[in-house]
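J.: Sequence:
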Amino acid sequence: MTSTVDTAAADASRSTPPSGLIAVARAPGWVRYALLAAGLAVAAWLPNGLYPAVAVDILCWALFAVAVDLLLGFTGLMSFGHAAFWGTSAYVTGLVAIHAGLPFPLAVLAGALAAAVLAVPIGYLAVKRTGIYFAMVTLAFAQMVYYVANEWRSVTQGENGLQGVPRSFFGLDLTDDYFFYYAILPIVLLGLAAAWRIVHSPFGRVLVGIRDNPARARALGYPVHRYKLTAFVLSGFIAGLGGGLFAVGHRFVSLDVLHWTTSGKAVIVVVLGGIGTLWGGVLGAGIVVRLEDWLSFSGFEAIGLVTGGIFVLVVVLFRRGIWGSVAALAYRLANRRR
-14 MTSTVDTAAA DASRSTPPSG LIAVARAPGW VRYALLAAGL AVAAWLPNGL
36 YPAVAVDILC WALFAVAVDL LLGFTGLMSF GHAAFWGTSA YVTGLVAIHA
86 GLPFPLAVLA GALAAAVLAV PIGYLAVKRT GIYFAMVTLA FAQMVYYVAN
136 EWRSVTQGEN GLQGVPRSFF GLDLTDDYFF YYAILPIVLL GLAAAWRIVH
186 SPFGRVLVGI RDNPARARAL GYPVHRYKLT AFVLSGFIAG LGGGLFAVGH
236 RFVSLDVLHW TTSGKAVIVV VLGGIGTLWG GVLGAGIVVR LEDWLSFSGF
286 EAIGLVTGGI FVLVVVLFRR GIWGSVAALA YRLANRRR
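The opening residue of the sequence shown carries number -14 in our numbering; numbering runs sequentially from there.
Hints are computed from structural coordinates only; laboratory data are not their basis.
Since we're looking at a predicted model, the values are computed, not measured.
Idealized CB from N, CA, C, for every residue including glycine.
Heads up, a few of these hints could be off.
Quick list of the computed label-pair ranges, beta carbon to beta carbon [stated by the list, open to error]: (1) Met121 to His84: 42 to 50 Å; (2) Ser186 to Leu20: 36 to 44 Å; (3) Gly284 to Ala200: 47 to 55 Å; (4) Ala200 to His84: 45 to 53 Å; (5) Arg201 to Ser281: 45 to 53 Å; (6) Asn135 to Arg275: 27 to 35 Å; (7) Ile83 to Pro171: 35 to 43 Å; (8) Leu290 to Pro208: 42 to 50 Å; (9) Arg317 to Gly284: 40 to 48 Å.
Hey, can you work out the whole structure from these sequences and the hints?
T.: If you want it as structure tokens, here you go:
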């Protein structure tokens, strides 16, 4: 049975060109399977075509970007404080791996759960605000977490950071980034699959309805704040998965993982790929991480100038981001042929 919120979301999608996610969902079955196969093929090939450490970073940032897009693109909440969950998970993962000696998947899971727990009180207070007020509240809490990590030197080592984070995994040698990439790939794919399932579930449809018209959703009896809080916690958990893998991948955790610029970079990645497209965040992560790596090895120091210029160019020319614009164009061409 279709709810009124679903109908409202459908009406909105008819009045405007569909997002990349909707365009792909409406594509024939063979197109969706072809895109899935192509994506898996690229994921399997990536460390062979790029430096393996860069490929690992792309996977971690892809999870982070999808987590931010889950909140921004499907709930309508702009967070400038998601580095709190990314960084908290990185620190907890590092501490668990160093002191408990657990296999890295369990350490990463512990970090992601810690991020989700932290997201509960922050989200409870933040979701009562909207727009720029929500963004500022999340930013304020993230800066508080940064301050605690900087001052709690007996645990976090302060500015020195956590060093020597192990990659233990039942006796397997994962010191080579090439093999580590394939060890974390299933975890990343599970995280991406979870995000896809969330946005395609009845829960995800309600989130879109709340994003488009929260007053109407509230009038229909949906507990808007509860739905937003749940989305916030789920987003924090997925961001925590990426942060934990990032810590193990680098075998080092610094205060940079909690800095506000990390949250800003995640937002840029999402906008570059396409807000509300889900997979646009994966594409954006690949572009930004690869571009930063190429510029750093070329000796260019003003990396932010280049990435910022590309960001402005995409915003001006591709209002829906790269993935969203291409998907919308394909949707229009398909409609003309009909």
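J.: Could you tell me which of the numbered hints above are not met by this structure, giving the numbers in increasing order?
T.: 1, 2 and 7
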